[in-house]
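Asker: Keeping the supplied structure of chain A fixed, place chain B upon it in accordance with the hints.
As a plain string of letters, each chain reads:
Number of protein chains: 2
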Amino acid sequence: MQNFDYQTPTRLIFGKGVVEKLPEVMAQFGKKLLLTYGGGSIKKIGLYQKVYELLKGYEIIELSGIQPNPKYDPSVLDGVRLCKEHNIDVILAVGGGSVLDCSKAIAAGACYDGDPWDLISYKVKAKAALPIVDIITLAATGSEYDCGGVISRTETNDKIGYMDRHLFPHTSFLDPEYTFTVSKKQTAAGIADAMNHTIEQYFVEDATLLNDGFCESMLRSLMVNGRKCLENPEDYTARAEMMLACTYGCNGILALGNSYSGWPCHGIEHALSAYYDITHGEGLAIITPRWMKHILNERTLPRFVKYGINVFGIDATLGQWEIANHAIEETYKFFESIGIPMHLREVGIDDSRIGEMAHHIAVNEGLDKAYAPLAEKDIAEIITASL
Amino acid sequence: MQNFDYQTPTRLIFGKGVVEKLPEVMAQFGKKLLLTYGGGSIKKIGLYQKVYELLKGYEIIELSGIQPNPKYDPSVLDGVRLCKEHNIDVILAVGGGSVLDCSKAIAAGACYDGDPWDLISYKVKAKAALPIVDIITLAATGSEYDCGGVISRTETNDKIGYMDRHLFPHTSFLDPEYTFTVSKKQTAAGIADAMNHTIEQYFVEDATLLNDGFCESMLRSLMVNGRKCLENPEDYTARAEMMLACTYGCNGILALGNSYSGWPCHGIEHALSAYYDITHGEGLAIITPRWMKHILNERTLPRFVKYGINVFGIDATLGQWEIANHAIEETYKFFESIGIPMHLREVGIDDSRIGEMAHHIAVNEGLDKAYAPLAEKDIAEIITASL
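As you go down the protein sequences, you meet chains A and B in turn. The numbering of the first sequence is the numbering used here, which starts it at 1 and goes up by one. The numbering of the second sequence is the numbering used here, which starts it at 1 and goes up by one.
Chain A with its partners taken away, still in its complex shape (with noise of 0.2 Å):
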């Protein structure tokens, strides 16, 4: 078992109606807060408009239109700018992940004279942050426990993991019931990206027995509570069930003291949506069983008849071969089942830009050192196996 150093001081609170308590947790703060959401969909659901209700008094600086794959150039600039401009005291985050992550890298980068560029590419570290309160609409990314944000920079194609301990939001808000409007391909998207956050973690040389049953857990409750979400979308305990889920996904409960995985399928799933900016967890739904078959072999073949055996319910008495096969299977039908277009082709990436992607992945993000090591020719046949 590895050494660790853990902590997620982020409080969550949980369940219909909470977003009462919106006023007690901001009085913490001064009274100039921005306001950061995306395209519009909390004013559909009247989650605008009840934030203003609640917030009486605050002197209220807006941020919208913050994309999914949230860019650089103009989201965070533009927020640190604001911050900057009109000395916000707080950050309110209501949305997906998305919106999330970049108002995390504008709370840092409001607290940094240089260009945040600095921050997001670890040149500079952090010495501190705006605090951060969120009302996640969407589940998926766990970034409203984690202190993590994904970064696009488009006109260089980078897409960075920023992580930093000031950036573990201080209050998440999280009502299944916001989450009854998400469509369903954004749906499957987050049981996807949560699903993939834990098997990221679970293929790994050294798991602990009690980390191997958190993560079997969780996907078999994604599973199963992903389906109901789909098939009845105001099913709140499935949502409610599948909403925590997710939030355990990213801030590395489900692996503590397990060796290093080296997050493979993230790793090439960044260069797919910095390049084609395609929906994170459709990428990771489509590389997932192509990165599964690729590294099955002697030395990863046991932990794959776990997975089958524990995950998916495959009868333990088959051949080893045969049931890590299966496994994969299995997980391929899954995410196509959900409805997720289980080929690239399908999402707009052709064979044009294989290399150039493969490459990028190889020298930046150290798959090499992978639980499965992967090497540039491998990345590429990954990509090329998920066309």
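Since the hints were derived computationally from the structure, they do not count as laboratory data. Possibly wrong hints are sitting among the right ones.
[Claimed, not checked] Pairs of lysine to aspartate or glutamate residues, derived as EDC-like cross-links and limited to a Cα-Cα distance of at most 16 Å, are as follows:
{"id": "1", "chain 1": "A", "residue 1": "Lys21", "chain 2": "B", "residue 2": "Asp368"}
{"id": "2", "chain 1": "B", "residue 1": "Lys16", "chain 2": "A", "residue 2": "Asp5"}
{"id": "3", "chain 1": "A", "residue 1": "Lys16", "chain 2": "B", "residue 2": "Asp5"}
{"id": "4", "chain 1": "A", "residue 1": "Lys32", "chain 2": "A", "residue 2": "Glu59"}
Answerer: Positioned in the frame of chain A, the structure of chain B alone reads:
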């Protein structure tokens, strides 16, 4: 799924040699510290000397001799007096859950002008507490990752679980090597304690699929690794995994969104150890299977079936009642197999005060509102069956 409001801000620094980081952590506080510990085992393992070596330049006041089932008088009262007299900045608790529980009550009492019992008995809510750092030498209670402590008051036979948000340790150091010398008796009691913490959260009316999987993983891991710790006390991997599992026992993360369980075995055991000062984990192990047998009925049957299949691997094709009864037997047999005396008579409790204890529990523990409600008569029957 129930609403919840959850936060565990404690930093966990876990692994071999992590105590070297103590100076870095302590540097955040002032130079006057109260060092709390128990009977001196920390001197035998060299940890006491190590602390003094690492904290040169600190003014260290000591409170030693804190007992299992820590006492309000003298330990809490002495500690509060020392903190006030010496204007203590921070408490460093070194030992097991009892030392830490006692230190939490001291931390709150030190910041309160009146009788500390006002706080412990919930007459007055704490407004502040001294910061606490701990170095854990016994895997059991989970106090290192929660905001509660259990304090006994001998003259009134009270044993109260005192919880307050101010009482989360600032940082917990967990080095599994410090548990190598824990006796077989205390190791077994620790396994039983953490298993019961999990069981108390598993047997509820509404549980999420996610939490069920987490709890089942806890129980399997504690049984497998607990046995290994008993067979080879210096098995680092087993000691480490047991230590981590224990950490999750009491901070609520195993049951977020679940309905209320009432922690019935704890309600009963607290009275047993308040009246007879027995080892907490042993008391819990003795009570647990008798409580299970008492509450098994048509309504609770499905929970026992799930428990039997997923924790003990009982054949799912058997009849439901057979699975449930078999699961209860397996629970008993596991505790017996790790050397726990499974009858109250073996730990010095006879039938002379059952009525008195049952009455005390019925009045103070709220078990009429537990998952399987227990009246005074039920409590007396469970204790009698445990003799």
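Asker: With reference to the structure, classify each hint as holding or not holding.
Answerer: Comparing the hints with the structure gives:
Pair hint Lys21 (chain A) plus Asp368 (chain B) does not hold up; C-alpha atoms about 31 Å apart against a cutoff of 16 Å. A distance of roughly 12 Å separates the Cα atoms of Lys16 (chain B) and Asp5 (chain A); the hinted pair therefore holds under the 16 Å criterion. For the proposed pair Lys16 (chain A) and Asp5 (chain B), the alpha carbon gap of about 12 Å is at most 16 Å, so the pair holds. Proposed proximity of Lys32 (chain A) and Glu59 (chain A) is supported: the alpha carbons are some 5 Å apart, at most 16 Å.
Checked against the numbered hints above, the structure violates only hint 1.
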